Amino acid sequence: MKSLPNILTILRIVAIPLIIAAFYIPSLKMAALVALGLFIFASITDFLDGYLARKYEVESKFGQMLDPIADKLLVAAVLLMLVVSDSADLIPVVIIILRELLVSGLREFVADNNGVMTVTKLAKWKTTAQFLAIITLIFVPLAQAEFAAEVFQVGTILLWIAAALTFVTGVEYTSAAMKFIKHLKEKENEK
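Residue numbers 137 to 327, in this note's numbering, belong to the letters of the sequence shown in order.
Some clues are possibly wrong.
[Stated by the list, open to error] In silico DSSO-like links for lysine-lysine, alpha-carbon gap of 27 Å or less:
(1) K315 x K260
(2) K257 x K208
(3) K208 x K260
(4) K197 x K315
(5) K197 x K260
(6) K138 x K208
(7) K315 x K257
(8) K191 x K138
(9) K257 x K191
(10) K191 x K260
(11) K138 x K197
(12) K315 x K327
(13) K191 x K208
(14) K315 x K208
(15) K257 x K318
[Claimed, not checked] Simulated restraints, written as ranges between beta carbons of each label pair:
(16) D222 x K315: 37 to 47 Å
(17) Q289 x V194: 41 to 51 Å
(18) W261 x Q200: 13 to 23 Å
(19) V304 x I143: 26 to 36 Å
(20) S240 x L278: 27 to 37 Å
(21) L226 x E282: 20 to 30 Å
(22) N250 x P162: 44 to 54 Å
(23) V194 x I271: 22 to 32 Å
(24) H319 x P162: 50 to 60 Å
(25) Q289 x L164: 18 to 28 Å
(26) Q289 x S196: 36 to 46 Å
(27) F245 x I271: 30 to 40 Å
Everything labelled a hint here was simulated from the structure, so no lab data went into it. Owing to the predicted nature of the structure, the values given are computational and were not obtained by experimental measurement. Glycine residues also receive a C-beta, built at the ideal position from the N, C-alpha and C atoms.
Required output: the full structure, derived from the provided sequences and hints.
Listed below in structure tokens is the structure:
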């Protein structure tokens with residue numbers, strides 16, 4: 137059980153090229169179905185790895201480092217795939233990816249200075265919104281023709297909601313990091 141959470145995280149990374157390859161299989165409906173199934177599987181591993189690590193008290197530094205990287209790689213790669221295939225708008229995808237890069241850098245800086253940036257409830261909602269938007273947008277080719285436009289609209293709305301939540305949580309994490317930096321400077325000045 138000790139390594140199962142890390143195995144799930146690694147499986148999420150392995151799923152990324154499989155999702156992208158499946159999405160581009162010539163039979164569009166089959167491709168979308170395989171990509172959708174793989175993305176849902178990868179999304180479930182995102183929940184399970186952390187849950188199992190906490191429940192069985194097998195959290196590891198490796199898992200804590202790799203899990204957010206796997207999450208960001210999965211979301212960024214699949215969102216870019218959707219943009220390239222004209223299945224998602226570019227602007228919310230850019231907002232999401234830039235925020236993920238910014239927050240990753242801030243987390244790394246804070247951790248290097250013995251601090252912690254904990255995940256907020258809003259950030260968990262952000263992740264949920266991202267996954268729902270991606271699932272909906274991958275599902276578009278599977279929808280009956282007369283409903284495909286509506287499914288695309290729902291996916292696009294969810295993507296914009298995810299981008300808004302992503303932006304807000306980015307501001308929250310930036311603010312927390314700035315307070316941490318201010319605290320570091322104050323401690324430095326006391327010496």
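Against the structure, the hints come out as follows:
The straight-line distance between the Cα atoms of K315 and K260 is roughly 22 Å, inside the 27 Å bound, and the hint therefore holds. Restraint check: the Cα-Cα separation between K257 and K208 comes to about 18 Å, which is no more than 27 Å; the hinted pair holds. Between K208 and K260 the alpha-carbon distance is near 13 Å, which keeps this suggested pair within the 27 Å criterion. At roughly 25 Å between alpha-carbon atoms, K197 and K315 fall within 27 Å of each other, so this suggested pair holds.
A distance of roughly 21 Å separates the Cα atoms of K197 and K260; the hinted pair therefore holds under the 27 Å criterion. A threshold of 27 Å between alpha carbons decides the hint, and for K138 with K208 the separation of about 24 Å falls inside it, so the pair holds. For the proposed pair K315 and K257, the alpha carbon gap of about 20 Å is at most 27 Å, so the pair holds. Restraint check for K191 and K138: the C-alpha separation of about 11 Å stays at or below 27 Å, so the hint holds.
Distance hint between K257 and K191 is fulfilled; the C-alpha atoms sit about 19 Å from each other, no more than 27 Å. Simply put, K191 and K260 have alpha-carbon atoms about 18 Å apart, close enough for the 27 Å limit, and the pair holds. A distance of roughly 13 Å separates the Cα atoms of K138 and K197; the hinted pair therefore holds under the 27 Å criterion. This hinted pair checks out: K315 and K327 have alpha carbons roughly 19 Å apart, not beyond 27 Å.
Pair hint K191 plus K208 holds up; C-alpha atoms about 24 Å apart against a cutoff of 27 Å. Proximity of K315 to K208 is assessed by CA-CA distance (about 25 Å); at most 27 Å being required, the pair is judged to hold. Of the pairs offered as hints, the one joining K257 and K318 holds, with about 24 Å between alpha carbons and a cut-off of 27 Å not exceeded. Between D222 and K315 the CB atoms are about 41 Å apart, so this pair conforms to the stated range of 37 to 47 Å.
The hint said 41 to 51 Å for the Cβ distance between Q289 and V194, and at roughly 43 Å that hint holds. The hint said 13 to 23 Å for the Cβ distance between W261 and Q200, and at roughly 21 Å that hint holds. Range check, V304 to I143: Cβ separation about 33 Å, and the 26 to 36 Å hint holds. At about 32 Å, the CB distance of S240 to L278 agrees with the hint of 27 to 37 Å.
In this structure the supplied range 20 to 30 Å holds for L226 paired with E282, their Cβ-Cβ distance being about 27 Å. At roughly 52 Å, the beta carbons of N250 and P162 sit within the given window of 44 to 54 Å. Restraint check, V194 to I271: a C-beta distance of roughly 29 Å satisfies the suggested window 22 to 32 Å. At roughly 56 Å, the beta-carbon separation of H319 and P162 lies within the given 50 to 60 Å, and the hint holds.
Between Q289 and L164 the C-beta distance comes to about 19 Å, which sits within the given range of 18 to 28 Å. For Q289 and S196, the Cβ-Cβ distance of about 42 Å falls inside the hinted range of 36 to 46 Å, so the restraint holds. Under the hint 30 to 40 Å, the C-beta atoms of F245 and I271, about 33 Å apart, fit the expected range.
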